[in-house]
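Trainee: Knowing the structure of chain C, use the given hints to seat chain G on it.
Number of protein chains: 2
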Amino acid sequence: MEAELKEMLNDLDSLKQSLPDPSNLASSILKLQSRVEHLTKLAKSAPVRRTKVQDMSAEVVDSNPYSRLMALQRMGIVDNYERIRDFSVAIVGIGGVGSVAAEMLTRCGIGRLLLYDYDKVELANMNRLFFRPEQVGMTKTDAASQTLSDINPDVVLESFTLNITTVQGFETFMSSLRNKSFRPNKEGSGVDLVLSCVDNYEARMAVNQACNELNQTWMESGVSEDAVSGHIQLLIPGETACFACAPPLVVASGVDERTLKREGVCAASLPTTMGVVAGLLVQNTLKLLLQFGQVSPYLGYNSLKDFFPTMEMRPNPQCSNAACLERQKEYLLVKPAREAAIIAKMEAEVLSVPEGPLHTDNEWNISVVDDSAPERTDATSSGDIYCYMTL
Amino acid sequence: MEAELKEMLNDLDSLKQSLPDPSNLASSILKLQSRVEHLTKLAKSAPVRRTKVQDMSAEVVDSNPYSRLMALQRMGIVDNYERIRDFSVAIVGIGGVGSVAAEMLTRCGIGRLLLYDYDKVELANMNRLFFRPEQVGMTKTDAASQTLSDINPDVVLESFTLNITTVQGFETFMSSLRNKSFRPNKEGSGVDLVLSCVDNYEARMAVNQACNELNQTWMESGVSEDAVSGHIQLLIPGETACFACAPPLVVASGVDERTLKREGVCAASLPTTMGVVAGLLVQNTLKLLLQFGQVSPYLGYNSLKDFFPTMEMRPNPQCSNAACLERQKEYLLVKPAREAAIIAKMEAEVLSVPEGPLHTDNEWNISVVDDSAPERTDATSSGDIYCYMTL
Numbered sequence: 001m002e003a004e005l006k007e008m009l010n011d012l013d014s015l016k017q018s019l020p021d022p023s024n025l026a027s028s029i030l031k032l033q034s035r036v037e038h039l040t041k042l043a044k045s046a047p048v049r050r051t052k053v054q055d056m057s058a059e060v061v062d063s064n065p066y067s068r069l070m071a072l073q074r075m076g077i078v079d080n081y082e083r084i085r086d087f088s089v090a091i092v093g094i095g096g097v098g099s100v101a102a103e104m105l106t107r108c109g110i111g112r113l114l115l116y117d118y119d120k121v122e123l124a125n126m127n128r129l130f131f132r133p134e135q136v137g138m139t140k141t142d143a144a145s146q147t148l149s150d151i152n153p154d155v156v157l158e159s160f161t162l163n164i165t166t167v168q169g170f171e172t173f174m175s176s177l178r179n180k181s182f183r184p185n186k187e188g189s190g191v192d193l194v195l196s197c198v199d200n201y202e203a204r205m206a207v208n209q210a211c212n213e214l215n216q217t218w219m220e221s222g223v224s225e226d227a228v229s230g231h232i233q234l235l236i237p238g239e240t241a242c243f244a245c246a247p248p249l250v251v252a253s254g255v256d257e258r259t260l261k262r263e264g265v266c267a268a269s270l271p272t273t274m275g276v277v278a279g280l281l282v283q284n285t286l287k288l289l290l291q292f293g294q295v296s297p298y299l300g301y302n303s304l305k306d307f308f309p310t311m312e313m314r315p316n317p318q319c320s321n322a323a324c325l326e327r328q329k330e331y332l333l334v335k336p337a338r339e340a341a342i343i344a345k346m347e348a349e350v351l352s353v354p355e356g357p358l359h360t361d362n363e364w365n366i367s368v369v370d371d372s373a374p375e376r377t378d379a380t381s382s383g384d385i386y387c388y389m390t391l
Numbered sequence: 001m002e003a004e005l006k007e008m009l010n011d012l013d014s015l016k017q018s019l020p021d022p023s024n025l026a027s028s029i030l031k032l033q034s035r036v037e038h039l040t041k042l043a044k045s046a047p048v049r050r051t052k053v054q055d056m057s058a059e060v061v062d063s064n065p066y067s068r069l070m071a072l073q074r075m076g077i078v079d080n081y082e083r084i085r086d087f088s089v090a091i092v093g094i095g096g097v098g099s100v101a102a103e104m105l106t107r108c109g110i111g112r113l114l115l116y117d118y119d120k121v122e123l124a125n126m127n128r129l130f131f132r133p134e135q136v137g138m139t140k141t142d143a144a145s146q147t148l149s150d151i152n153p154d155v156v157l158e159s160f161t162l163n164i165t166t167v168q169g170f171e172t173f174m175s176s177l178r179n180k181s182f183r184p185n186k187e188g189s190g191v192d193l194v195l196s197c198v199d200n201y202e203a204r205m206a207v208n209q210a211c212n213e214l215n216q217t218w219m220e221s222g223v224s225e226d227a228v229s230g231h232i233q234l235l236i237p238g239e240t241a242c243f244a245c246a247p248p249l250v251v252a253s254g255v256d257e258r259t260l261k262r263e264g265v266c267a268a269s270l271p272t273t274m275g276v277v278a279g280l281l282v283q284n285t286l287k288l289l290l291q292f293g294q295v296s297p298y299l300g301y302n303s304l305k306d307f308f309p310t311m312e313m314r315p316n317p318q319c320s321n322a323a324c325l326e327r328q329k330e331y332l333l334v335k336p337a338r339e340a341a342i343i344a345k346m347e348a349e350v351l352s353v354p355e356g357p358l359h360t361d362n363e364w365n366i367s368v369v370d371d372s373a374p375e376r377t378d379a380t381s382s383g384d385i386y387c388y389m390t391l
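Those sequence lines, one after another, are chains C and G. The first sequence maps to residues 1 to 391 in full-length UniProt numbering. The second sequence maps to residues 1 to 391 in full-length UniProt numbering.
For reference, chain C alone in the conformation it holds in the complex (with noise of 0.2 Å):
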């Protein structure tokens, strides 16, 4: 198109030479008229947005986005899928996982989708999935936000281009999560669930920070700087471990991630690693929210051995964040009547069900399931490793 435009403006540049002379006007602005006659035709092939829809529909036609989730009911899986829509999702970090569980929402038409990042998208970025080459020098939520809203215009988009660990930063970040215009009368925050998908020490702190404060449910998801290992993580303040309760499992392993981003040194990624934890991670979020399975505490991912620890952990009474302290009390006064509740549940459901327990769990080495906790019928199956950190 621009060879074409070029032409364009040499016909006008002798069309004005030709000004003295009108006879040769009228074949000039014919071969004018022709030209845009072609690059509107050219234009007119660029891409098409699809058109917001009003409802989700479970209709089984081809043009429909939204059949192959809605499938989900009739499957048994979900019970009422298009609930989904009613809520909000901030994702923090929109780098290899954090880009592709955004992606996931988008097309699972969730209702709204808050970014925080403030990096550029670079070529060394292409060995991940999601952004492309001609994005390159975009910033990462500028990008984000164009392909998300090209690929599902349902979704409402928030980007913020900040970096949380500032102090300007984590206030706008915060007051974006207290922010409930989209449904006033949701209880908490203005946010269902906050994904943090960062790539540092200190940025999962200002997440934690945020989420202790405002008794914020969210996950955490990271992967390993040889890029073969990932986690996710769920974190309930008050009800689980927070992120500064235990040391980070990732400097517990022997990385530190604030070496990584030394000089010359660049931590490895795979785009297998990324998208196996961006799934997992989409998957416990779309099992929260439409509550169906069993939402995974702590999910490991070692991809040499395709090996994938489960464990759970505890909040520490001594635990060094003021906030978090603050939740394990408020969780103290609420836990017999929750815990009672559940033991109702399950009782019920052991009544409904005529099965046997599946299995109990058997107990090894890192540590083992309290047996004074209520016998877990469900079972995350035979074969995980459950540990119950007590710090």
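These are computed hints drawn from the structure, not numbers from a lab. Note that beta-carbon positions come from the ideal geometry of N, C-alpha and C, so glycine has one too. Take the hints with a grain of salt, since some may be wrong.
Stated by the list, open to error - Here are the simulated distance ranges between beta carbons:
{"hint": "1", "chain 1": "C", "residue 1": "S175", "chain 2": "G", "residue 2": "S34", "range": "40 to 48 Å"}
{"hint": "2", "chain 1": "G", "residue 1": "S57", "chain 2": "C", "residue 2": "V167", "range": "32 to 40 Å"}
{"hint": "3", "chain 1": "C", "residue 1": "R49", "chain 2": "G", "residue 2": "I342", "range": "55 to 63 Å"}
{"hint": "4", "chain 1": "G", "residue 1": "S352", "chain 2": "C", "residue 2": "R74", "range": "52 to 60 Å"}
Unchecked claim - Once the Cα atoms are required to be at most 30 Å apart in a straight line, the calculated DSSO-like pairs of lysine-lysine come out as:
{"hint": "5", "chain 1": "G", "residue 1": "K6", "chain 2": "C", "residue 2": "K120"}
{"hint": "6", "chain 1": "G", "residue 1": "K52", "chain 2": "G", "residue 2": "K186"}
{"hint": "7", "chain 1": "C", "residue 1": "K41", "chain 2": "G", "residue 2": "K41"}
Mentor: Here is chain G on its own, set in the frame of chain C:
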């Protein structure tokens, strides 16, 4: 841009009408020129493709698309990452799993990708990653080639718009796998691995037939019709069960895929499950090709419980597939020498790394790790169920 062009046509019309009055012409021409300049700017903001690179550099600069992959060498994961450019991978079925697998391999800089599909992109596919609404109506092979070549022009792409379950389609499929022009001195067929990402039994049987005939290692993948489970499986003709050796697991678990496409009935699907399965598939592909970690013979993904069963399946001496029986005979001849080599290698490793033996393979009918088995100090971790099905 369309509105802009329409106005330009209007301008040209008024220019024509002002022909008898040349005094207005100069200003009209100036107006047109500024319009063209504006259009030129718009055209310049259109996608720019990245250029091909000669060698994979490990240089840590933002403009290097391979820096984070070459870092796998420095991290001690891969001996020689650049070998990836020698490999050809065929992907059959460019749907929810195949398209993402293709994108991952493309971003990893695989040498050559062969893509097979006969379907077109529909809006109903938008709940899975990869295809975009503006590609609706294109063949999946064309749309994929367009996106993948923009992402990484270094990858040699060959796409085949055909149905491998037809006689003609199967013949083209076979001859394309045999074609060794990319690496003429390669042993065996012209590809290093076939990835089956199809959604029906007949297509899987066609891939099985081709791979048995060509003695071609392949990996099978699948996602359940309720969208919440999936699996990958490694098939080495003669050495592991082929797809005809055992009743396919999808059928064995009570799902008849042939009913899925019944009129008015559509299977559910999720970008999460398909993204995870694609990630596990390509991660195992990388492990196989670049020789790191352990390739899983079978890996399931039960997303409701985040449970990942593994098992191995031996070939069935009564398999109905004649080519499989041929491969089994060949394998039995080389087996003693191969096993001796494996034992020698393991003994060498035990001498160099002072660790106990990994474990001895037990044989039984779907069941769990025997308590009397040697302790798994390595390995696929105490958490996994290992089922060795002897058929």
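Trainee: For every hint, state whether the structure bears it out.
Mentor: Here is how each hint holds up against the structure:
1. S175(C) with S34(G): 40 to 48 Å: holds (43 Å)
2. S57(G) with V167(C): 32 to 40 Å: Given a distance of about 39 Å, which is inside 32 to 40 Å, the answer is holds.
3. R49(C) with I342(G): 55 to 63 Å: Between R49(C) and I342(G), where Cβ atoms are some 56 Å apart, the hint holds.
4. S352(G) with R74(C): 52 to 60 Å: holds (56 Å)
5. K6(G) with K120(C): violated (36 Å)
6. K52(G) with K186(G): holds (24 Å)
7. K41(C) with K41(G): The given pair, whose Cα atoms are some 18 Å apart, holds under the 30 Å limit.
The structure shown violates just one earlier hint, number 5.
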